[in-house]
Amino acid sequence: METLKIINYVIAILFTIIYAYQVLYVPLSWFIKKKELNTASTIHDFAVLICARNEAQVISGIIESLKNQTYPQNKIHIFVMADNCDDDTAEIARKWGAHVYTRFDKSNVGKGYALEVLMKHLKEDYPDGFDGYFIFDADNILEPDYIEQMNKTFSAGHEIVTSYRNSKNYGDNWISAGYALWFMRESRYLNYARYLLGTSCAVSGTGFMFSRRIADKIGNWPFHMLTEDIEFTIHHITKGENIAFCKKAVLYDEQPVSFIQSWRQRLRWCRGYLQVFNSYKKDLFKGIFKGSFACFDMSMTVVPGIVLTIISVVFNLSLSIWKASIDNDIMIAIKSIGLLLANMYFMFFIIGAITTVSEWKMIRTSVFKKVLYTLTFPLFMFTYLPISFLSIFLKTEWEPIQHTVTAKQFHADGDSLYDRD
Numbered sequence: 001m002e003t004l005k006i007i008n009y010v011i012a013i014l015f016t017i018i019y020a021y022q023v024l025y026v027p028l029s030w031f032i033k034k035k036e037l038n039t040a041s042t043i044h045d046f047a048v049l050i051c052a053r054n055e056a057q058v059i060s061g062i063i064e065s066l067k068n069q070t071y072p073q074n075k076i077h078i079f080v081m082a083d084n085c086d087d088d089t090a091e092i093a094r095k096w097g098a099h100v101y102t103r104f105d106k107s108n109v110g111k112g113y114a115l116e117v118l119m120k121h122l123k124e125d126y127p128d129g130f131d132g133y134f135i136f137d138a139d140n141i142l143e144p145d146y147i148e149q150m151n152k153t154f155s156a157g158h159e160i161v162t163s164y165r166n167s168k169n170y171g172d173n174w175i176s177a178g179y180a181l182w183f184m185r186e187s188r189y190l191n192y193a194r195y196l197l198g199t200s201c202a203v204s205g206t207g208f209m210f211s212r213r214i215a216d217k218i219g220n221w222p223f224h225m226l227t228e229d230i231e232f233t234i235h236h237i238t239k240g241e242n243i244a245f246c247k248k249a250v251l252y253d254e255q256p257v258s259f260i261q262s263w264r265q266r267l268r269w270c271r272g273y274l275q276v277f278n279s280y281k282k283d284l285f286k287g288i289f290k291g292s293f294a295c296f297d298m299s300m301t302v303v304p305g306i307v308l309t310i311i312s313v314v315f316n317l318s319l320s321i322w323k324a325s326i327d328n329d330i331m332i333a334i335k336s337i338g339l340l341l342a343n344m345y346f347m348f349f350i351i352g353a354i355t356t357v358s359e360w361k362m363i364r365t366s367v368f369k370k371v372l373y374t375l376t377f378p379l380f381m382f383t384y385l386p387i388s389f390l391s392i393f394l395k396t397e398w399e400p401i402q403h404t405v406t407a408k409q410f411h412a413d414g415d416s417l418y419d420r421d
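In my numbering, the protein residues as written are 1 to 421.
In short, the hints are calculated from the structure, not lab data.
It is possible that part of the hints are untrue.
Here are the simulated distance ranges between beta carbons [what the hints assert, rightly or not]:
(1) Met347 <-> Asn74: 47 to 55 Å
(2) Ile11 <-> Ile326: 21 to 29 Å
(3) Leu14 <-> Ala353: 20 to 28 Å
(4) Ile13 <-> Asn74: 51 to 59 Å
(5) Ala353 <-> Gly240: 50 to 58 Å
(6) Val314 <-> Ser366: 38 to 46 Å
(7) Ser279 <-> Leu317: 25 to 33 Å
(8) Ile321 <-> Gly240: 46 to 54 Å
Here a beta-carbon is modelled for each residue, glycine too, at the ideal position from N, C-alpha and C.
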């Protein structure tokens, strides 16, 4: 088994080299204090863009939370793209006061195409444009001061800003909790740390904004890959733009509870990461050689972890089974695989536990479920192994995720956040 040990040592060293800096993000996010931004003196005119496909159950929630913002209502303009809808999403959105456009195009499917058409309509119908553009999903709920807080960061000179991503349904089951804990970890220990250090953050699907200059630069939303958020992020980082993070702007979205639905979504994500990396690898490497830490950071975020994990698992399984067959001792394989899984469980548990403890007040569920789903978080992460492996070979397409947690159900579970400091 010496060969297996050497391979594992090499992989461990590579992991350390690649991800040591992310370990440092944790204490940095605890101890570095960012100077509080003063109340913004400029009240900007914002367009809010929401793409919705058969979201009749939840579309009123995001519009209602936008209507309840502390920010001046006459500066918030809500636009909904009812995308290939078979239900009354458009009618409900109009009833709640949104400007609604519709699109029926079964050949160009996905949020990226819907955003492209929506932005084209806005440029035609509102030629003067807006100071900034927010992107939300139909299932989102916002804290009342969300836009006020984002405007402070925007007014400080940041032209692309992302926010803190929380969950509407953390306590539903181990799947929704796994998603939520990962997004909280991404917000607190990746994006917040990046922001403190002055390097670029990454947008995460929803809950971000960009300036008129950025909108003019990109045109009618040219990002159509399976993970358009990562494509948007890496496109701008390789162009020298910096994405900021607003910790006090808190958004809640709904996570899948079905394993099949989760499997399909994450297969699309993993395939999308590879897609984006393949398209932007030259620009990323060029940026790295020019000294861009943000390009290095995003490169490490998108691909290497997936590749190294797959290599590690495949080598361990193959060599262990081969050795066991030669020595006629199946226990060798069982022990080796068991040790690998135990180490991985411990690593993911530490990540989950640190996030759970630091974000305790942000998690909207019972104490029992907070503890339970910290223990199941590694199991959720384990499921990425076959998903990541299959994403290399399987083609996948964008599929809508069903959302059912209404604003009424969400607010019944608890009030606003207790503490965001």
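Hints, one by one, checked against the model:
1. Met347 <-> Asn74: 47 to 55 Å: holds, 50 Å
2. Ile11 <-> Ile326: 21 to 29 Å: At 23 Å between Cβs, range holds.
3. Leu14 <-> Ala353: 20 to 28 Å: holds, 25 Å
4. Ile13 <-> Asn74: 51 to 59 Å: holds, 58 Å
5. Ala353 <-> Gly240: 50 to 58 Å: Violated, since Ala353 and Gly240 (Cβ atoms, about 37 Å apart) do not stay within the stated range.
6. Val314 <-> Ser366: 38 to 46 Å: holds, 39 Å
7. Ser279 <-> Leu317: 25 to 33 Å: Since the Cβ atoms of Ser279 and Leu317 sit about 31 Å apart, the hinted range of 25 to 33 Å holds.
8. Ile321 <-> Gly240: 46 to 54 Å: About 49 Å separates the Cβ atoms of Ile321 and Gly240, which means 46 to 54 Å holds.
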